[in-house]
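**Student:** Residues per chain, in single letters:
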Amino acid sequence: DTGVSQNPRHKITKRGQNVTFRCDPISEHNRLYWYRQTLGQGPEFLTYFQNEAQLEKSRLLSDRFSAERPKGSFSTLEIQRTEQGDSAMYLCASRSLGGHMNEQFFGPGTRLTVL
Amino acid sequence: AQTVTQSQPEMSVQEAETVTLSCTYDTSESNYYLFWYKQPPSRQMILVIRQEAYKQQNATENRFSVNFQKAAKSFSLKISDSQLGDTAMYFCAFMSPGGGADGLTFGKGTHLIIQP
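Protein chains in written order, with the numbering used here: chain A, 4 to 118; chain B, 3 to 118.
Everything labelled a hint here was simulated from the structure, so no lab data went into it. Wrong hints could be hidden among the right ones.
With a straight-line Cα cutoff of 16 Å, these simulated EDC-like cross-link-like pairs (lysine to aspartate or glutamate) come out [what the hints assert, rightly or not]:
| no. | chain 1 | residue 1 | chain 2 | residue 2 |
| --- | --- | --- | --- | --- |
| 1 | A | K60 | B | D104 |
| 2 | B | K110 | B | E12 |
| 3 | B | K110 | A | E47 |
Make the full structure from the sequences, and use the hints.
**Tutor:** Here's what the structure looks like:
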């Protein structure tokens, strides 16, 4: 088990372009979370999945954002028509339902820069 | 909605000293979990220590311990015998296990610098 992985680690795009990020959770973890972290701030919750079902979406997740976890394993986060305000670190985390003390394990993040 | 406040944007101490990071939170829940996460420069976030609200005993993990004051809604982190590798952003986080909400609510973080 190599932990939570995210790809790409860095993404630079032009305003208006679409981008997609991938997260591979720890293999036995059935819950997967997406967070956004802007410079100088703590991570903010975006959405989470239990297996393939998306159970909660934050109001931060505008219509331009969509997340999927089609087979209950990896997840993708897509941002359409990117804006400069989307520039941030996008963090993925996973945990096992009923796991010890509800600990979430974080990936290294994808840093998005929108020019 | 829960809120988490970390009032110290940055702290700096000498190696081997003890340092305390403060965190307060606001919630109407009675059962919840509190966490301290560490985010080293350009590295991923890792859990430092956690506390269940119904446990009165303060959690301890080696050099790390917490002072959990439920009535005051305070959850401070004490780092003893600080080391250069403790230099990082530290985030206090809250989670309520009830209902459909399952994400962590984080504070803005404290940048801890350990000076040699």
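**Student:** Taking 16 Å as the top limit, are the C-alpha atoms of K110(B) and E47(A) close enough?
**Tutor:** holds (10 Å)
**Student:** Given the proposed pairing of K110(B) with E12(B), does the C-alpha separation stay at or below 16 Å?
**Tutor:** With Cα atoms ~11 Å apart, K110(B) and E12(B) stay inside 16 Å; holds.
**Student:** Against the 16 Å threshold, does the CA-CA distance of K60(A) and D104(B) hold or violate the hint?
**Tutor:** holds (10 Å)
No hint from the list above goes unmet by this structure.
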